[in-house]
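Enquirer: Starting from the given sequences, assemble the full structure and let the hints guide the process.
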Amino acid sequence: MPGRKQRAPAVDLSGAVARFEQWRQGRVSGSRIPDGLWKLAVNVACRHGVARTAAALKLDYYSLKNRLAERPSPVGDAGDLSPPPAFVELTPGSLSSIGPCVIEFSDCLGSSLRVQLPAGHVPDLVALGRSFWDAR
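Heads up: the sequence shown begins at 35 in the working numbering, then just goes up one per residue.
Think of the hints as simulated: they come from the structure by calculation, not from any bench. Any given hint might turn out to be false.
What the hints assert, rightly or not - Between beta-carbon pairs, the in silico distance windows are:
hint, residue 1, residue 2, range
1, 64, 105, 22 to 30 Å
2, 86, 59, 18 to 26 Å
3, 83, 165, 16 to 24 Å
4, 143, 67, 19 to 27 Å
5, 59, 157, 44 to 52 Å
6, 148, 60, 22 to 30 Å
As the list claims (entries may be wrong) - With a straight-line cut-off of 25 Å between C-alpha atoms, the simulated SDA-like cross-links for lysine to any residue are:
hint, residue 1, residue 2
7, 92, 133
8, 73, 103
9, 92, 80
10, 99, 61
On a predicted model such as this, the values are computed, not experimentally measured, just so you know. Cβ atoms here follow ideal geometry from the backbone N, Cα and C, with glycine treated the same way.
Expert: Here is the structure:
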């Protein structure tokens with residue numbers, strides 16, 4: 035798709051569970067979780083949610099949540115102090131009367147999809163968003 039950035043393939047939850055179990059079987063008692071596994075957990079939490087990921091990987095919910103919050107934002111640069119975009123609900127009726135517009139989808143991994151809509155053309159934005167976020 036034009037405008038879509040390439041990203042590393044998402045690791046699914048079951049793959050992350052297997053990697054954590056493999057590490058737990060070979061670790062020395064009391065050793066800390068390696069940074070690489072924490073990064074994996076954060077990436078999985080970004081896709082599947084903190085609660086689900088923490089439960090599946092047997093991690094402390096708040097530790098995972100804090101690491102996810104500390105992760106630098108992939109959109110914008112560090113000096114950008116503008117607030118993040120607010121949620122905007124677009125109904126088909128509200129779009130039919132406006133001129134051309136641009137809608138951008140983005141995820142926490144830095145991928146984005148930019149859709150330019152001509153006046154009066156309203157695609158199924160829900161289906162488009164789902165296909166973007168479900169793509170691997």
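Enquirer: Take the hints in turn and mark each one as holding or not.
Expert: Each hint, compared with the structure:
{"no.": "1", "hint": "64 x 105: 22 to 30 Å", "result": "holds (26 Å)"}
{"no.": "2", "hint": "86 x 59: 18 to 26 Å", "result": "holds (23 Å)"}
{"no.": "3", "hint": "83 x 165: 16 to 24 Å", "result": "holds (20 Å)"}
{"no.": "4", "hint": "143 x 67: 19 to 27 Å", "result": "holds (21 Å)"}
{"no.": "5", "hint": "59 x 157: 44 to 52 Å", "result": "holds (48 Å)"}
{"no.": "6", "hint": "148 x 60: 22 to 30 Å", "result": "violated (45 Å)"}
{"no.": "7", "hint": "92 x 133", "result": "violated (50 Å)"}
{"no.": "8", "hint": "73 x 103", "result": "holds (12 Å)"}
{"no.": "9", "hint": "92 x 80", "result": "holds (16 Å)"}
{"no.": "10", "hint": "99 x 61", "result": "holds (24 Å)"}
When each numbered hint is compared with the structure, violations occur for hints 6, 7.
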